[in-house]
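Student: The primary structure of each chain is shown beneath.
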Amino acid sequence: GAVVSQHPSWVICKSGTSVKIECRSLDFQATTMFWYRQFPKQSLMLMATSNEGSKATYEQGVEKDKFLINHASLTLSTLTVTSAHPEDSSFYICSAFWGTGYSPLHFGNGTRLTVT
Amino acid sequence: QQPVQSPQAVILREGEDAVINCSSSKALYSVHWYRQKHGEAPVFLMILLKGGEQKGHDKISASFNEKKQQSSLYLTASQLSYSGTYFCGTGVTNDYKLSFGAGTTVTVRA
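Protein sequences appear in the order of chains A and B.
Quick note: to get the numbering used here, add 7 to the position in the first sequence (first position is 1).
Quick note: to get the numbering used here, add 32 to the position in the second sequence (first position is 1).
Worth flagging that the hints you see were computed from the coordinates, not collected in a lab.
Where a beta carbon is used, it is the ideal one built from N, C-alpha and C, also for glycine.
Take these hints with a grain of salt, some might be off.
[Said to hold, decoys possible] Restraint ranges, calculated between C-beta atoms of paired labels, are given here:
hint : chain 1 : residue 1 : chain 2 : residue 2 : range
1    : A       : K73       : B       : K69       : 36 to 46 angstroms
2    : B       : K82       : A       : S16       : 28 to 38 angstroms
3    : A       : N116      : B       : S57       : 24 to 34 angstroms
4    : A       : G23       : B       : E46       : 49 to 59 angstroms
5    : A       : T121      : B       : K69       : 36 to 46 angstroms
6    : A       : A79       : B       : E48       : 47 to 57 angstroms
7    : A       : E94       : B       : E48       : 33 to 43 angstroms
[To be verified] Capping the alpha-carbon separation at 27 angstroms, the derived lysine-lysine pairs in DSS-like fashion look like this:
hint : chain 1 : residue 1 : chain 2 : residue 2
8    : B       : K69       : B       : K99
9    : B       : K100      : B       : K58
10   : B       : K100      : B       : K82
11   : A       : K21       : A       : K48
12   : A       : K62       : B       : K100
13   : A       : K27       : B       : K129
14   : B       : K58       : B       : K129
15   : A       : K62       : A       : K27
16   : A       : K48       : A       : K62
17   : A       : K73       : B       : K99
18   : A       : K71       : B       : K129
19   : B       : K99       : A       : K62
20   : B       : K129      : B       : K82
21   : B       : K99       : B       : K129
22   : A       : K62       : B       : K82
23   : A       : K27       : A       : K73
24   : B       : K69       : A       : K27
25   : B       : K82       : B       : K58
26   : A       : K71       : A       : K48
27   : A       : K71       : A       : K21
28   : A       : K73       : A       : K62
29   : B       : K99       : A       : K48
30   : A       : K73       : A       : K48
31   : B       : K69       : B       : K129
32   : B       : K69       : A       : K62
33   : B       : K82       : B       : K99
[Unchecked claim] Which bits of chain A does chain B cover? Going by a derived footprint, with three or more residues having C-beta under 8 angstroms, they are:
hint : stretch
34   : 48-55
35   : 79-91
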């Protein structure tokens, strides 16, 4: 089955530093990947749509300069949280799909970011 | 805008049935259902496209009423493995930009 690998699974960083999270589709090519943020016991909130070879599309209210997304290849998208602050602490999760219609989204295992 | 899921939580004994509802204020193209266990990635259950269809996966099935802009997930003869948080994701077009409900936490006890 389609596998999406997300790395790291958890990271603790100091306030003011930047953190990069990788999302890889291991056995399929994903022209589009999505990045979400999930607060405890809450839903997945779409942050941005990452398209290979072009600029990411950010949802309203998401700072593009704060959350840098790069989709360098058909199998890799990265999310960099720049100048992280404690309020950026959250669970970040990516998803990818290929195909159309009945194709499911395949999710990574998520990254728990804690900013101290 | 996020779809509204109900109930927020449900506790079942093995073998019991449950229904989870997902309602949207917008006309929908698709409804996706996923199950997430604590600390893990959401796992795909099924997709329903507009057309009022019903689909099934083992003893988990779902219906989609596009006129009412809602979908229901049916857990039949629940098993311990059904425990987790169920999310519906709704799409208004075929671009896979889904809005997810707040989730329904299902606990199945022996």
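Student: What are the numbers of the hints that this structure violates, sorted from low to high?
Tutor: Of the numbered hints given earlier, those the structure breaks are 1, 5, 8, 12, 16, 17, 19, 22, 29, 32, 35, listed in rising order.
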